[in-house]
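Visitor: Listed here are the chains, written in short residue letters.
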Amino acid sequence: MLSTVARKRILNRRSPAVLVQAFKRTNVSSASSLQNNLIEELKHISLGSKTPGRINVKSDEEVHANKWSTPYDGVFRQSHSKEVMRLWSLLDVCLDSSQFERAESILTTLHPLSIEDNFSFVDDFNKYLNKFAPLASPTEIEAVVANWRSSGKLQTNARTDAIIINALMTKNNPYEKYLLPYLSGRADFRSLLRNVDVFGLQNLKLIVEQNNLDIKFVPAAYRDLITIDNNVEDTNEVTHETNISSSSSPTTTSTTTTTTSPLLEPLMGSADYEPAVLNKQNAEELKSVDTFGMKVIRHTLLSLEPDLNSKLLEKFNEKLEEKLEFFTNDSETQANFFEVYKSLPLDKRDLFEEALNEFNVERQTALENKSIEAAQEKWKHEYEEIKKRGDLGMSKSLNARLWGWFEQMMPLVRDEIERCKNVDDIQIKTLKNEAFAQHSERKKYAPYLRLLDPKKVTVITILEMLKNNSTGGISEGMRTARAVLSVSKALELEFRSEQILNTEKNFVKNFDNSKLSNPKNLKKYSMSLSNFKNDVISDMKVYWPQDIKVKIGSVLISILMHVAKVEVSGVDPSTKQLVRGEAPAFYHSFQYHNGAKIGILKIHKVLSSQLSADKLVGAVQPQSLPMLIQPRPWTSWNNGAYYYSQNQIIRLRDSPEQLAYIKASSDKLDKVYDGLNVLGNTAWTVNERVFKVMSKIWNTGDEFLDIPKAHESLELPEVPPRSSDPSVLNEWKIKVKALQDKYATDRSTRCDANYKLEIARAFLGEKFYFPHNLDFRGRAYPISPNFNHMGSDLSRGLLLFWKGKEIGEEGLRWLKIHLANLFGIDKAPLNEREAFVNDNIELVKRAAEDPMANQEWWTKADKPWQALATIIDLADALKLPDPTKHISHQPVHQDGTCNGLQHYAALGGDVEGATQVNLAPSDKPQDVYTHVAKLVRAKLEEAAANGDENARMLKDNIKRKVVKQTVMTNVYGVTQVGATNQIHKQLQNVFSEDQSYKLSVYLTKVVFASMRELFEGAHLIQDWLAICAKMISKSVRIDIDSYEEMGPKKKPSFMASVIWTTPLDLPIVQPYRAIVKKQIQTNLQTVFIQDPYELHQVDARKQMAAFPPNFIHSLDASHMLLSASSCSKKGLEFAAVHDSYWTHACDVGEMSESLRETFIELHQVDLIARLKDEFDERYKGFLQLIEIPYKSEVGKKILAMRKELTSQLGRPVTLGDEVYLERQRQLLLNSGDENKIAKGESMVTTVSLLENEDLKDLTSAQAMKSMKNSLAEELEESLENTNEYEEEEELKKPVKKSAQKLKVFAPLRLPDIPPKGDFDVNDLRNSKYFFS
Amino acid sequence: MEDRKAYYNYLHDIYFPQLPEGHNFDLQLKNPYTWTDYIHLTDGTRVLDPGYQTRDKLHSNFLFTGLIHNEALVMQFLSCMANQNWLQRFGNVKMLLWIPNSSAVKIMARPDTRERAKCSVVRETFCDAKLIATPDDEKSLKSFNNNLLSNDDPIIFNPKSFSKASKYTLIEFNPKDHDLDAFAWDYVVKQLMASRNTPLDKSLNHLGPAAADFFVTKIPLNLLGKVPKNLTSEEFKFLLEVFQSWPFKPDSLLETVSFGKEM
DNA sequence: ATATTTTCTACCGACAATATCAGTATTTAGAGC
DNA sequence: CCACTAAATACTGATATAAGTAATAGAAAATAT
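Quick mapping for you: the protein sequence lines, in order, are chains A and B. For the first sequence, numbering that gives the first Met the number 0 begins at 0 and goes up steadily by one. For the second sequence, numbering that gives the first Met the number 0 begins at 0 and goes up steadily by one.
Here's a subset of chain A near chain B, in silico, CB distances under 10 Å, partners left out:
| # | residue |
| --- | --- |
| 1 | 580 |
| 2 | 584 |
| 3 | 725 |
Under the rule of at most 20 Å between Cα atoms (straight-line distance), these lysine to aspartate or glutamate pairs were calculated in the DMTMM-like manner:
| # | chain 1 | residue 1 | chain 2 | residue 2 |
| --- | --- | --- | --- | --- |
| 4 | A | 1076 | A | 1098 |
| 5 | A | 878 | A | 849 |
| 6 | A | 596 | B | 114 |
| 7 | A | 575 | B | 240 |
| 8 | A | 176 | A | 208 |
| 9 | B | 217 | A | 581 |
| 10 | A | 126 | A | 100 |
| 11 | A | 732 | B | 180 |
| 12 | A | 695 | A | 855 |
| 13 | A | 575 | B | 180 |
| 14 | A | 1129 | A | 809 |
| 15 | A | 596 | B | 185 |
| 16 | A | 1171 | A | 1022 |
| 17 | A | 736 | B | 185 |
| 18 | B | 93 | A | 724 |
| 19 | A | 741 | B | 250 |
| 20 | B | 225 | A | 433 |
| 21 | A | 736 | B | 250 |
| 22 | A | 732 | B | 250 |
| 23 | A | 564 | B | 212 |
| 24 | A | 960 | A | 861 |
| 25 | B | 217 | A | 571 |
| 26 | B | 248 | A | 566 |
| 27 | A | 844 | A | 861 |
| 28 | B | 4 | A | 993 |
| 29 | A | 804 | A | 881 |
From the structure, some residues in chain A lie toward chain B, with a derived Cβ separation under 10 Å:
| # | residue |
| --- | --- |
| 30 | 564 |
| 31 | 586 |
| 32 | 592 |
| 33 | 601 |
| 34 | 721 |
| 35 | 723 |
| 36 | 726 |
| 37 | 736 |
| 38 | 742 |
| 39 | 1084 |
No lab work stands behind these hints: they were computed from the structure. Backbone N, C-alpha and C define an ideal beta-carbon position, used for all residues, glycine too.
Take these sequences, add in the hints, and give me the full structure.
Guide: Below, the structure is given as structure tokens:
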């Protein structure tokens, strides 16, 4: 039951809207009496004093819930109050488990909230009714509706009618009377028939047919389907993308129930296409072949093949007019589609791809829905195999062990779920202390856990626990908090996919599919289905609360910990005998970090070393693998990417405000969707030849390039005797810590590499796609983790475009340039780069021929794996009589030279800066780092000449590398200290330990100064952005925020975050706010988490520090997405890693042109001016807290006014009072009523006094500085007569005098934008090194 | 010991000459915060040479005293007593320290009290400590165990009479000899005290996989029902012994959370 | 209101300290009608 | 059935945990005076 306290609290809350009403009613006749009235009211409200029902009513969260972010946007920061969100969530799960009584009581609680919180209650009721109706008799249904109606709480709508009608139809009862309002025209049929999810296809069709309704009433997306019978000849071409028709599609329903159908028989006789079939077991076999995670994937992929409808295969062969054989009865043998594809003549390829796509649609569906079961099957299979063989290897096989766990754990999980279902029937009195505690916990999570399938739950728990091994800085284990969350997140995800699937099944239930053999109809059918899924997914709005999630996670993990055992051996210290035994695989423990206690789940060393010895490190989240077909195109903020899960376009950072904004602008984001879809539609495949080399090396277990050695165990240096000096002991501890860190990171990188390889292995020969989404600044990322083109050199080296293009002469040149770039020759003119490769062409050929034997050259490259891939491609080309005819799949990169600075330079119009980052045309590429180093050197020379010792020592040691990181991070707002550390790292080797740091400090200052000089305009902009961010995050909205708690003591609360829109109209909300976490009790321990639905004060510091880089990134993201669309329009393949754009070698020229044009287009507008305008609008009416000199004119006026107010009020006036008065003034001014406006205009407040003041004069640095200067002088004087011994003490004495400042609220006025330099972005058109 | 040049000069040139005749102070240009500077003090320069004395009694002619504001430092001193290093390598050197009241409360806590935490077990295991003097401060007095107050019978002074000292308590630490494995001892006590109000049958499981199952066979039932905060140092020693006899105890007892700080 | 102490120090991808105790708020049980 | 009290339970906030403060600088936020 919902706690009635919570309810009462909500009921007691006076909503802000109500308050506004109260103030609006204050009608007065004259300005002065108005003022008096307001004063009276203020007295009455008596801010800061404890008037009952006023101050104490609201807790902080309540005050800030439900607030508009700004009036300009009309977007709620937080869509609904926490309680409502919780109730919705609960309502959903109760309905899913058919707990209607409880659902009704939730509805009863929700109803009053719907009025306050302004949501539509009938929607919730309909949700309930829709679940209730199928299980109830017509009379019951009618009774329920009548009941609610008569209570006055419910006003039904068309959807309610739809539900009732559908229920009656399904039960073959007459429903016509509910149609009456629609037939009579009092209500719109469209609104009734819009509820296709209620009716389902069949009933929708029936209702139309039985009543002879105009087809126009049916939503357009479904009309075709309804009318299949009526006009089969319909010539309307249905544009058809790769829309997934799900496993519930009538043609394939039989395949959905099992994954263990018999293996497909060999189709055709001969295997002529030998190269086309890759036997993965015999091919470069990974030592980690046992990696069960991968087996899961492979098994999933493989298990689909037997399911393959033979019709599809026939179609395959039909289309190709040639018989191909892909499948043998060897389950480990998998078709290498890529080889088949390449082996086909060009004119056959399209047909092949079409067939492959259709085939993959099925497989993708299964991949998203069946992978959990597949894992379970795989375990069982392996277990039985071993048992059959009578093998002793049972304990060696992880999969077999997992099956053992599964068998033990599943019944316990089932029992737990059973208990959850019965949780309300338990007699509490019969329970003892501990059982009672358990019971009351269970009551909280029961509604959720009971929805789940015990088998899936078990598998997911096991997979997640293994996946989390070695995370969170724990070498053999994981943090409890992370574990519990990741388990329950995975569960929620799985549950949602299941829901989508079920809804979809329901939708097509009873639908007569006999007509679907017609391919055209089938297409219509799958179109409708896809549309339907979009609708369903958009509707899902309720999430499991965080605290519930951790509770569920911990319960399940506890169960697993209870059953999961491993065989262990150890030496008995007394007898020195080897002892064998069985021990839990996991145990709970604690570790401390700086006195902070951290809960840890340790994985038993036996299991852990088995995991690492077998090179098996875990499982893959099977929900987010690369996709076999084009991702579902993005059409709204939560519609896109995978087909059976809800994916958000933005990776939200637990910010309800971000969510609100993205929702609100969801339908204005076509440009963003376009770009993102281009990225998602780029088809990839695995570079098999690179993969072979990699896996060969991997198997040695040795260190190679960026793959660390496979440590067997951590060897520690000898422990010094305990009586050693503490310094010795400490040193030892530090050494041990360093070793442990190295061990842990090595292990995790090896782990990560293992994942990459294993996923690559599973996708060998496949055509696959990476669905993308955005971070909150709009930068795009592939959703599937581990293996993607954004990863390390290793993963990038493994990826090829699926599509091949003839390389041509230009392309060949670009390929060479690309190779040179990968070798780090990326600062030379293009011809030199090409020459570098030509000079080494023999090495290229040799390396390609046998990369293992001839590794000395390519491994020296900057990015060796990508270099190897390129070398192979280039060598292939060179083998041809005409290399330009080579079909290349190799992505070639064009990287922005310091992309952030490029945008800054364009914004600031820095001529010199623009030249240095290659915006301005130039013969040879410029290198900022070199240039800055040069500038720094010049400065040092000068200083050295003037006898500066530091400069003298440094001047000959300034290499590009020394300044590179600092120049790069300058864009991100690195501070002096940070930069000093960076430079210190570089200088460490050059200078002695004690000199190095001092010199670094000195050098940092010089570097900063040089940067500032070079990018003057850019830095002005950077500063301007930072100032704006600071002012905004330190401003208040008077109409809502914070005046209540501005009592005499309290500070105003700052709730405004920096919000802007990118040139593509994507709203960006900086999420930085105070983090408030709570301890949540779980089975294992308490877990410290924050509630994502709460809003807290902004973190002004972070808002300010992060805004400049975030703004720039939002621009480069826009640029990338625009370029993506543009390239795609020209038919180019396109991929991107932020500021590195990839395409085929032959298309580089065209791509370059595109991205130059889009850059120019982007900067055609004065983006800074645009931003300023946007800010001015958005933060109109906000107030900022400033300090002005006491003695200024306004200062005096304000003081006088305060005195007056104080005497009128009979108590000291507070800032809160002043805000209140100003707010009234604003209300009057914006009332639209002439009288009131006049009154408002005549009103004087402390704020209005400042309205026409030039705040800059009042708060200017000059004014403050002059004050400080005079103080400094005084200080110096006082210091003069101190003797040298007392100097230190004296320095610390506080300065007694300080400037008298007055804190006041003033209208928020952002500074003017800095002047722009002379660089014209159109010059970019002729700069060939812009990206290179 | 002072290694800041300016202050050293001040002490040397101005302060020391003002000291009364025959004082026993010696000024060294050394950093008292650096362990190794003590080595130089006692080995190299022979400024200080108390000589080694056996550990069956307190060192007879070496006393360390000071006001230690920093609690971490006090804990370090305690661990020096445990390790018998630093100045404790000369024998059981008595330390007479003024430490913050709050630290004193923690360190002096007895078993079965709310304040009982690991550091008080350290104290109990590696030295005999006595409360000598403490200010008449209601808050800290209340926190000291009554038993402790009546046993040690400290001087309770009026905080106003020593304005600065009102926050500090004077404690005498008399190190004890022992032959415990410091790492294992630390591990056992640390893990158990992490949940110090959970009965041993449960909390023992934090020591390793199914640790409680092993302990159950080795320790008396009444001990199993106790909670860690009620255990005496002797009981901890016993548990340590059992732990060390456990064939399946974890290999590494000093694992730490490593935060991957990237370049 | 002013002075001293503490904190923090590069963006994003990628979030995470916990046990215990005291004191208060809220709920429940129980006795009585 | 209700109003009531006492006991039980739930919730909140504070505090300890580990254990050198220090390679540097300077502003802003938090806390103390």
